[in-house]
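Going down the list, the protein sequences come from chains P and H. Each residue of the first sequence is one higher than the one before, counting from 3 in the numbering used here. Each residue of the second sequence is one higher than the one before, counting from 580 in the numbering used here.
Keep in mind the hints are simulated off the structure, nothing from the lab. Backbone N, C-alpha and C fix where the C-beta goes; we use that ideal spot for every residue, glycine too. Watch out, some of these pointers could steer you wrong.
What the hints assert, rightly or not - Distance condition first, Cα-Cα at most 20 Å in a straight line; then the derived EDC-like pairs of lysine to aspartate or glutamate:
1) P:Lys160 - H:Glu613
2) H:Lys582 - H:Glu613
3) P:Lys160 - P:Asp176
4) P:Lys48 - H:Asp650
5) H:Lys636 - P:Asp125
6) P:Lys160 - H:Asp650
7) P:Lys119 - H:Glu633
8) H:Lys614 - H:Asp590
To be verified - For each label pair, taking beta carbons as the anchor points, the in silico distance ranges come out as:
9) P:Ser113 - H:Arg645: 39 to 47 Å
10) P:Glu54 - H:Lys614: 51 to 59 Å
11) P:Val156 - H:Arg647: 45 to 53 Å
12) H:Pro602 - P:Arg126: 21 to 29 Å
13) H:Glu603 - P:Leu18: 33 to 41 Å
14) H:Lys614 - P:Asp125: 49 to 57 Å
15) P:Glu54 - H:Arg584: 17 to 25 Å
16) P:Asp176 - H:Ser654: 32 to 40 Å
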Amino acid sequence: MSDDDPRRAAFEADVLPQLDALYRLALRLTTEPSRAEDLVQDTVLKAFRSWERFQPGTNIRSWLFTILRNTFINDYRRRQREPIPMDLESPESGLSLRAASDEDPEGTFFSQIVDEKVLEAIDRLPEEFREVLVLSDIENLSYAEIAAMVKVPVGTVKSRLFRARRQLQSALYDHAVEMGYLKPARARG
Amino acid sequence: MTKPRCQEALDQLDEYLRQELTPEHMARITDHLEKCRPCFSQAEFQRSYLQMIEKAKGQCCPDSLRRRVLDALRSPQH
Numbered sequence: 003m004s005d006d007d008p009r010r011a012a013f014e015a016d017v018l019p020q021l022d023a024l025y026r027l028a029l030r031l032t033t034e035p036s037r038a039e040d041l042v043q044d045t046v047l048k049a050f051r052s053w054e055r056f057q058p059g060t061n062i063r064s065w066l067f068t069i070l071r072n073t074f075i076n077d078y079r080r081r082q083r084e085p086i087p088m089d090l091e092s093p094e095s096g097l098s099l100r101a102a103s104d105e106d107p108e109g110t111f112f113s114q115i116v117d118e119k120v121l122e123a124i125d126r127l128p129e130e131f132r133e134v135l136v137l138s139d140i141e142n143l144s145y146a147e148i149a150a151m152v153k154v155p156v157g158t159v160k161s162r163l164f165r166a167r168r169q170l171q172s173a174l175y176d177h178a179v180e181m182g183y184l185k186p187a188r189a190r191g
Numbered sequence: 580m581t582k583p584r585c586q587e588a589l590d591q592l593d594e595y596l597r598q599e600l601t602p603e604h605m606a607r608i609t610d611h612l613e614k615c616r617p618c619f620s621q622a623e624f625q626r627s628y629l630q631m632i633e634k635a636k637g638q639c640c641p642d643s644l645r646r647r648v649l650d651a652l653r654s655p656q657h
């Protein structure tokens, strides 16, 4: 195929630089490389078909992420009956989690943890928490962009993010103690 | 921790650490962090966390997938 299709060329110029970000998000959502690859390909083809609906000047990554997320929800999410065994929105339900910042106020233990462990811990977060944390902290989308994508108010994005971080930080703190990277600040158990 | 300045600093810590606030706003929060130890600590913790997660982005798109996507885009049905 050597036809010079200008529409496709323009699309490729804008979208191909986003493949790393698309693959990262797909991997965190599906937690499986082969499904992540299929999801990325489906996303790019869908985006190509609806390319005219993208408004130049707006954030292309947000637009592609939205397509990827919708595709994931419609076609890839495993059927789960009651996926989240915890109350996601109530601020009180997070309080039983020990705040890692109380134990290591400077967060020095973070630098000891290998990337692979961080990703594993992210993948263990409930999906609603995981997607907000990945979109905000790894992909640097704004609260407003995330709110539009996930279709919840900005306040909900913030509270999910707060609780996702606490849960992740607490899991990583426990891991650091377990590995002997640091001593527990106080006796536990 | 319920003082208005603490509240402002903690509410906008993310934006502050990503340097997304106006220069005046940045300066106001820096000023507060220099004076308030609990907020300073929180900011340091958050900074360490964001640095860690910044590094832990994970894998890039594999070349094989890049080729697969390009092939699919350029196949006749599109």
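Here is how each hint holds up against the structure:
1. For the proposed pair lysine 160 (chain P) and glutamate 613 (chain H), the alpha carbon gap of about 26 Å is over 20 Å, so the pair is violated.
2. With a C-alpha separation of about 15 Å, the suggested pairing of lysine 582 (chain H) with glutamate 613 (chain H) holds against the 20 Å cut-off.
3. Simply put, lysine 160 (chain P) and aspartate 176 (chain P) have alpha-carbon atoms about 24 Å apart, too far for the 20 Å limit, and the pair is violated.
4. For the proposed pair lysine 48 (chain P) and aspartate 650 (chain H), the alpha carbon gap of about 15 Å is at most 20 Å, so the pair holds.
5. Between the alpha carbons of lysine 636 (chain H) and aspartate 125 (chain P) the distance comes to roughly 13 Å, so the proposed pair stays at or under 20 Å and holds.
6. Proposed proximity of lysine 160 (chain P) and aspartate 650 (chain H) is contradicted: the alpha carbons are some 40 Å apart, above 20 Å.
7. With a C-alpha separation of about 14 Å, the suggested pairing of lysine 119 (chain P) with glutamate 633 (chain H) holds against the 20 Å cut-off.
8. With a C-alpha separation of about 17 Å, the suggested pairing of lysine 614 (chain H) with aspartate 590 (chain H) holds against the 20 Å cut-off.
9. Checked against the hint of 39 to 47 Å, the pair serine 113 (chain P) and arginine 645 (chain H) fails, with Cβ atoms roughly 32 Å apart.
10. For glutamate 54 (chain P) and lysine 614 (chain H), the hinted distance range of 51 to 59 Å is satisfied, since their beta carbons lie about 54 Å from each other.
11. Here the CB-CB span from valine 156 (chain P) to arginine 647 (chain H) is close to 37 Å, at odds with the stated 45 to 53 Å.
12. A C-beta distance of roughly 40 Å is found between proline 602 (chain H) and arginine 126 (chain P), which places it outside the suggested range of 21 to 29 Å.
13. Taking 33 to 41 Å as the suggested C-beta distance range, the pair glutamate 603 (chain H) and leucine 18 (chain P) conforms, at roughly 40 Å.
14. In this structure, lysine 614 (chain H) and aspartate 125 (chain P) break the distance hint of 49 to 57 Å, their C-beta atoms being roughly 40 Å apart.
15. Between glutamate 54 (chain P) and arginine 584 (chain H) the Cβ separation comes to about 49 Å, which falls outside the hinted range of 17 to 25 Å.
16. In this structure, aspartate 176 (chain P) and serine 654 (chain H) break the distance hint of 32 to 40 Å, their C-beta atoms being roughly 48 Å apart.
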